[in-house]
Structures are given as C-alpha cells and as structure tokens.
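Student: Residue numbers (the numbering used here): 338 to 862.
Among the clues, some could well be false.
Straight-line C-alpha distance at most 25 Å; calculated DMTMM-like pairs for lysine to aspartate or glutamate [said to hold, decoys possible]: (1) K646 / E605; (2) K431 / E537; (3) K523 / E556; (4) K661 / D498; (5) K786 / D748; (6) K831 / E781; (7) K830 / E856; (8) K612 / E781; (9) K503 / E705; (10) K408 / E425; (11) K429 / E537; (12) K661 / E809; (13) K844 / E776; (14) K522 / E598; (15) K730 / E809; (16) K420 / E537; (17) K635 / E625.
Label-pair restraints from in silico Cβ distances [what the hints assert, rightly or not]: (18) L644 / T423: 48 to 58 Å; (19) Y342 / I525: 35 to 45 Å; (20) P813 / P356: 29 to 39 Å.
Hints are computed from structural coordinates only; laboratory data are not their basis.
Each residue gets a CB set at the ideal place from its N, CA and C atoms; glycine is no exception.
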Amino acid sequence: MFKTYPKYASNFMVSTGCPFASLTGMRILQKGGTVFDAALGVSAVLNVTLPMSCGIGGDISLIGYTKKNNKIFCLNGLGETPKNATFENFKKRKFLELPRTGILSATVPAMFHTYLNLYKLCKLPLNVLLYDAIKYADEGIPIGNQFKRWTQSNYNIIKDDDYLCKLFSLKKDIIKQPELGNTYKKFIKFKDSFLNLQSEFVNALYLKTQKLSSFFDKEDFCRAQAFFESPLSLKFGLYHVYVPPLPTQGYLLLQNLKLFEIFNKKQEFKIYGEKIHLLSEIFNLTFEQRLKKACDPKVRDETNFLLSKGNLLNMASQINLKMKSQCRYKGHYKENDTTNFVISDKEGNSVSCIQSLSMGFGSGVACEETGLIFNARLGRGCTLNQEDPNFIKPYCRPINTIIPYIITYKDNFYMAGGTPGGDGQPQWNANFLISILFEKELLEDALLKPKWTFFPGGDVFEKDIDPCICVENSMPQEVDDLLKEKNHIVIRKKRIPGCLRIIQKGKSYLKGMDDGGEEGLTLGA
C-alpha cells in the first residue's frame, strides 16, 4: 500500500492508475480540453503504460456527466462473440469448457470504435489528445516495480507468444511499443471514417486470427462494437447511483446497496464485523443470481426483474444475520487485468471509466503488426452450458465485471468513482459507498478502512474455491473473532487488490483521492 491523502482543486482533477496518464489528463485539461478530451488521452496512455491491464484489443465502459444539460450517459465498448464461435464449433474441437486464454478466448476488439464515438464529444484535435500515448509508445517508458511484478505474475499467459515475450522481457528497463504507436498514428489519419479506419486494420487482424485457427470472421472486425447507452440507477435518499447497463455488472452494485438499505432501515450496523457479515450474505445472494440471470440484453433482458422491489425483498428474506449461509455458487477473481480513472473539469463535467483485457495480458495473443493484444473476455464471461444465460452465441456480448459509477445528490453531480478488480468491484464499491451514503463518513475515512473480500465471486470458470472472507492485516482482531463466531473462514492478507479512485464535488471545490492500492496518481488544479 502507498500513503495517500485527499487532494483539493478548484478547476479540474484527474485520478488514474499511472502517473504518466494522470499527467496527460492534466495537460489536456490545461490546454482547454474537457473531461472527454482528457478521457481519450488518458485511456490511450494507459494502453501503453499498463499493457497487462488494458489495451486497444480490450473492453471499455465510460459513464459521463454533462453539466450543461445535467445528464448522465454511458459509452460502452464491449466486444461481441465472433461469428463462428458457436457451441457446435467448440464441440467439434473437443472442448468441454471454453479456454481461458489463447485466441479462442477473445471477443472482438472494441476500443477503437469507442474512441471514435468519444471523439465526437471532444474539443481538441486528435493529434493533441494522442500525443503523449504516441510518444511513450515510440520512445519507451521506464519499468517500475509494479510493472515488473504484474508482468511476472502474468508471464505464463504470454509465454507462447514470441512477440509479447520479447516485447515485455523482464530483463528490460525501458519498454518501447512502436507498432502500437504506429496504430495510434493511423487512428489520427482515419479518424473521420469508421469504415476507413477498420479497413486499415482488418486484414492484419484477420490474417493473424486465421493463422491461429480462430473462430473470427473478417466481418467481425467491420462491425460496430461501441454504443452510447442509458445508465441504470436507483435512489438512496437524496442520492442517485448511476451505473452502466448489462452486460456489465453495474446492476449488481445497485442490488448490493439496496439490500443493505433494507436492513439498515431496521437497525444500524455500527460494529464493522456485523456489517461485513451482512454484506457477505448479500454478496452470496447477488452473485448467485448473477450466474443464473445476468447476460447481454440482446439474449434476454432481466434488468427490470433484477432491480425490482419484489426480487430484492425476496433476496432479503433469505439473509441470515446470525450465521453464515452455505455458498450458493463457485468462482474467483484476479488482479492486474483492469484499470480505471476518474476526471472532472472546470465546466462541471465528469467521467468514470474502466478498461480491461479481462485477464492479465488478456488472451496472451498479439497482432504484431498493430501492437494489439486480444482480450480474454469470451473465456471469462461465456460458457458451453446451454442452460446458462451466458451460453456462447455469436454476436452477443459476454457478461463483464467492470463497474464505473456516478452519483448525484439532489439531482446534481456529487461523485465519480470505480476500482479495478473483477468481482471485487461490486464488493469494494458497495462497502465504500455504504460508508458515504448511509454512514455519512468523510471520503478519506471511508477509503482508508481495512479492505476485505468475500470469496468466491461469480467467475464461472473457477471451480471448487472454498468460501472465505479475506481481510487485510490491518483489520482489527475483534472483526476476525466475530466473523469466526458466525462460522466464517477468515484469511489475513498483506493487502487486498484493487484501487478505489474517487472524485467528490464540494460546495466550491473538487476533492479527489485513491486508496493507495496502486502506483497511480491523483492530481488537481
């Protein structure tokens, strides 16, 4: 963990998982750009500086607030399943379950189409927004301890790809990515036409995937993958919490908060161990329902049911406040596969964004000509179980763990936030927001509480994980004792992954902070 303190600003604020990206965001804002300009520039830099976590071959979900019309919108770039990735084709190759890595684990890259849509909201020229990303790709970035640690922990994923092994050699002190830099330059050249931009890369991507006997069709790389969408929201007193729609797990955060609210109206949970127990019961229920119900609305839209009062009250009736319930499912989550950022500008606009390769270094497969690393979302989010809501179907988007959010107070912007961390996201976000929305704690007090995670999460490819609660070593011993009395298995860890990043609106200032879980940087001016 890194020491962290709240930052204050009167004009704008940026918080990202990488100092290079935070500085890029500040430079763009100081040149007169809006949060949308800064978001594009920051995202592009993160693809260069955190390549194990995100990239142009991955997914992205952005939720934005525009001050001028006091509106909140989502821009989701969540790639589709390839045209030929059918149940029958996987069975022909004798697969009993979807592969976690390799080209067969990938969905269609969605990042560039997202950038084209995001650029419609920008003020500054694209060459200005991508200047830093191109510079860092061409000239290289120095490799710090976090980069080395994350690369080493995921090196087995890229070990069979000669290009990636050479590019991210652990012996290097500086890493250059000229192919990625050239791809950004082509993006600037063809920014005005999606078809022209796609045609510039289609052949390279298609030839690479066919060489590896994938299920991609050339048509896949020509289909639009990013769309503006309306957010989901629920009301908590004078606050509204907004999240992206399915197939993200945004609704899951809303369920967790609403279920806590139901119990909080009956009694206060001032003892931290009691609150952790209640939340673990809630997570147990909501993850189970996620596995049974949540999927791409194109397949089946369960949104209204999932957030209905009747469903939430029914789930609340199954919670045991006295003792741990049996785990209703199996799963797990990893770190180093996602990164997030939050930005606010002097016009009053704000964004929260998360981008991901699904796993560390995604599928572990790159298209050398473009510098693109394919994601592993298909292997993580879909199944070959025909009764599963995320049963594999061409052109559908797998369930996605990323949850950026925005909160309003009395219908005005109040907070933007998020965290990387797979199925830790709906847990850590809920625990933090409960401290803010219900317990009225200061931002710094809520962020710096000892973190914990309920296992297992909802990732269906992990099996036979014993239910437990992992807590940071700084957690008071009495919390362990209370949880063990309720029959929980408690495991202490040096730190819990993820990094909550928050920007909060004060009366005449912005207040920003992260929880110190990564080598990122929060800046304001």
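Student: Go through the numbered hints given earlier and state which of them the structure violates, listing their numbers in rising order.
Tutor: The structure conflicts with hints 2, 4, 5, 10, 11, 14, 15 and 18, although it agrees with all the remaining ones.
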